[in-house]
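Asker: The primary structure of each chain is shown beneath.
Protein chains: 2
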Amino acid sequence: MIKAAVLGFGTVGSGVVELIDINKKSVSRHVSEGMEVKYILDLREFPDSPYRDRVVHDFNIILEDPEIKVICETMGGKEPAYTFSRKALERGISVCTSNKELVAAHGPELLKIAEQNHCSYLFEASVGGGIPIIRPMNTSLAPENITQIIGILNGTTNYMMTRMELEDISFEDVLREAQEKGYAEKNPAADIEGRDACRKIAILSSLMCGKTVRFEDISCEGISHISMTDVAYARSMGRAIKLLGISERDEEAGTFYVRTAPFMVPASHPLHGVEDVFNAVFVHGNLLDNVMFYGRGAGKFPTASAVVSDMMDCALNIGQTIRIRWEDEKMELSDPGQKITQFFVRVPASEKARAQELFPGCVEAAPGCGPDDEFAFVTEPVAEAAFAECSSRLSEVRSAIRMLAD
Amino acid sequence: MIKAAVLGFGTVGSGVVELIDINKKSVSRHVSEGMEVKYILDLREFPDSPYRDRVVHDFNIILEDPEIKVICETMGGKEPAYTFSRKALERGISVCTSNKELVAAHGPELLKIAEQNHCSYLFEASVGGGIPIIRPMNTSLAPENITQIIGILNGTTNYMMTRMELEDISFEDVLREAQEKGYAEKNPAADIEGRDACRKIAILSSLMCGKTVRFEDISCEGISHISMTDVAYARSMGRAIKLLGISERDEEAGTFYVRTAPFMVPASHPLHGVEDVFNAVFVHGNLLDNVMFYGRGAGKFPTASAVVSDMMDCALNIGQTIRIRWEDEKMELSDPGQKITQFFVRVPASEKARAQELFPGCVEAAPGCGPDDEFAFVTEPVAEAAFAECSSRLSEVRSAIRMLAD
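For the protein sequence lines, the chains are A and B, in the order given.
The end of the first sequence is residue 422 by our numbering, with every number in the run present.
The end of the second sequence is residue 422 by our numbering, with every number in the run present.
So here's chain A without its partners, still in its complex pose (with noise of 0.2 Å):
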């Protein structure tokens, strides 16, 4: 029987436990000794919990326990998460997280130190949840020169696009059903603001080309400013608006542009059906052409499943390293205002005739959608910094939002 140990008895901590419990009959069909968990760490006690034997308060118990080979981090922040992980994976004992904060900034680290002591640092839960994208990133787009990672990320602000479309609520009312629901938390920025997809496609970028992009880097734009007049202006056009994640490289440059904002999504576009809390990861081989991962983003069993199929990796592979290319070297991005975009923009009617003198080629958009008093068009291709410095020259731009290619 391999035992493993729990850090954190929360959300997914205990779906871990349980998950283990009720698909026993699946997971020993892989390992076929059976997997335990054998201590669960946490600060409280559970006197209710069917586990309360289990839980232990002193980390040094399970570091401790020639027994224990694999450890399952879902504590979630840098500390003591890191300093659990580091002692771990010193001592040669796999560790599986979900924590995306810990492996946005400790990842390469980390994946070092279990190498030097032969056991793995595996974190499939990071990135979108129940989405299997991290092992198939490292192992069946292994081959390929990815050129492209565009995802929806972040369950929370996918949720309430998808109302705005398709409920016409508005982002104050959306957001407050979806904390009512449990989807968001009571302080929503981390979500709204894009800074937890910025996490994530900051990791997905890492994976991409080995080094390490940091999301301290990346240019971050979330979605309070969407209002149900850009929404309806989507519709009209047969787009939906989704917070995505992009990675894009430049070939030029031998680096990549990579930014969390909101982007029209053509119908088209395969990550324009990916609704409500879902997630998805659509990703751009040279030679594998379009891959697409869907699936649950988060979610207390998505989520377990996710970890647990790591420490399955685990326990299949004691002893040894299963290997991400992942270097601790700084990635330069390239700089965002040089990428070539398109804008939706809305402006008052009276800045319609400055509007096309500034953006010569535009077209109108959507023409009868919008209120009388405003024009509303689409510009043809044009450098992000350019068109910041030409949208400065307006007196009042109302909305300003990218356009995802075909």
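Bear in mind the hints are in silico, worked out from the structure with no lab data behind them.
Incorrect hints may have been included.
One copy or two, it doesn't matter: identical chains are merged, so the pair holds either way.
No farther apart than 30 Å at their CA atoms in a straight line, the calculated lysine-lysine pairs in the DSS-like style are these [stated by the list, open to error]:
no., residue 1, residue 2
1, Lys368, Lys197
2, Lys227, Lys19
3, Lys54, Lys368
4, Lys41, Lys368
5, Lys85, Lys128
6, Lys346, Lys103
7, Lys346, Lys54
8, Lys128, Lys19
9, Lys346, Lys40
10, Lys202, Lys85
11, Lys41, Lys227
12, Lys202, Lys40
Here the structure is a predicted model, which is why all the values come from computation and not from measurement.
Put chain B on the given structure of chain A with help from the hints.
Answerer: Only chain B this time, still in chain A's reference frame:
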């Protein structure tokens, strides 16, 4: 340098050789020694190919070269592919294949030989071309009790159905067009009669249960009877007709319903938007919920990319077996007549009263959509055998197509 051999220099085989050259950098980022194709086995000469010097005609040259660690089998058909694969595995040489016919017929036997000889038999490219599905089934989804797999598994028929839907072209015309474009073969029977999709759902079903689902046991219906009238009805109902391979757990009997047939797919289902030559596999796990894998189901480089990802996995695991759980024991399937299904049905208007009597609770479908002289309806959920029996009591059934549940 890891030395490999490619058996069969056709479309996929030549794609493998070229990909390893074109994407040398990506390959050696993961397989640090690098990988090289030393031999190409084919009956033909290729005097104009840059790889002509590697062509050999005698398999024994490959078998007896101790440098060869991995073989790519892209010959197609059962023989000599089966004999060559077996001989290679018996010598501890891993084999990676796109040959669905061979995998469906001899998969578990070859997996066993691989395990006995500390090498691997991998077949990512045998289902869904470039879509990562076999490896995720065996790793990412390993903790799950998979209850349903629904696949668009054949690019030719999906292209044809998409064209019929979007362009109002008849079955005969679209088949001719597909043949001209090289999407359909001169003899398209294996595709349009569903036998190709049947082999693929047999492989996926076998991985789902760990035993052998024989494709000969799967009820199989093709698309040649689908008319433009059917397509128009589907569109009016917000659905699209797609050829699906479906495998569903029958919880009571502990076995599976497996079927290949055209279905009317609702717009709310993620498979609805999978168009043209793209394929997708939708999987429901008991705790993971829904996931979907989408990509190119065929084509030289997408398929080659899947084969090369397997070859890289083998190169990283020389002397070890990458285990795939699939036993030679035959899986008995549930009686397809007992499966509960809703049908869309078209009968002459004169049969309306009798149809309503035979199918109580049936609902008229998209009134006004079809010709005046007919009555179209959707049945309540009904056992398929009971449906067939009732249908036989109607003077004429113009069409009967299954409805995929929301």
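Asker: 30 Å Cα cut-off: does Lys85 pair with Lys128 within a copy, between copies, both or neither?
Answerer: both (18 Å within a copy, 28 Å between copies)
Asker: Have a look at Lys368 and Lys197 and pick one of within, between, both or neither, based on CA distance no larger than 30 Å.
Answerer: Neither: 42 Å inside a chain and 46 Å across chains, both beyond 30 Å.
Asker: With identical chains treated as interchangeable, where does the CA-CA distance between Lys54 and Lys368 reach 30 Å or less: within a copy, between copies, both, or neither?
Answerer: neither (68 Å within a copy, 65 Å between copies)
Asker: Pop the pair Lys128 and Lys19 into one bin, within, between, both or neither, using alpha-carbon distances up to 30 Å.
Answerer: For Lys128 and Lys19, the Cα distance is within 30 Å both inside one copy (24 Å) and across copies (28 Å).
Asker: Between the shortest in-copy and the shortest cross-copy C-alpha distance, which are at most 30 Å for Lys202 and Lys40: within, between, both, or neither?
Answerer: Result: close neither inside a copy nor across copies, 36 Å intra and 49 Å inter.
Asker: Checking an output row: Lys346 and Lys103, CA cutoff 30 Å. Within, between, both or neither?
Answerer: For Lys346 and Lys103, only the intra-copy Cα distance (25 Å) is at most 30 Å; the inter-copy one is 47 Å.
Asker: Pop the pair Lys346 and Lys40 into one bin, within, between, both or neither, using alpha-carbon distances up to 30 Å.
Answerer: between (41 Å within a copy, 23 Å between copies)
Asker: Taking 30 Å as the upper bound on the Cα-Cα distance, should Lys227 and Lys19 be classified as within, between, both, or neither?
Answerer: Answer is between; shortest inter-copy Cα gap is 28 Å, intra-copy 33 Å.
Asker: Is it within a copy, between copies, both, or neither that the alpha carbon of Lys202 lies no farther than 30 Å from that of Lys85?
Answerer: neither (37 Å within a copy, 56 Å between copies)
Asker: Up to 30 Å between alpha-carbons, please classify Lys346 paired with Lys54: within, between, both or neither.
Answerer: neither (38 Å within a copy, 37 Å between copies)
Asker: Is it within, between, both or neither when you check Lys41 against Lys227 at 30 Å Cα-Cα?
Answerer: Between copies only: 15 Å across chains, 39 Å inside a chain, cut-off 30 Å.
Asker: Within a copy, between copies, both or neither: where do Lys41 and Lys368 come within 30 Å Cα-Cα?
Answerer: neither (66 Å within a copy, 50 Å between copies)
The structure is inconsistent with the numbered hints 1, 3, 4, 7, 10 and 12, although it conforms to all the rest.
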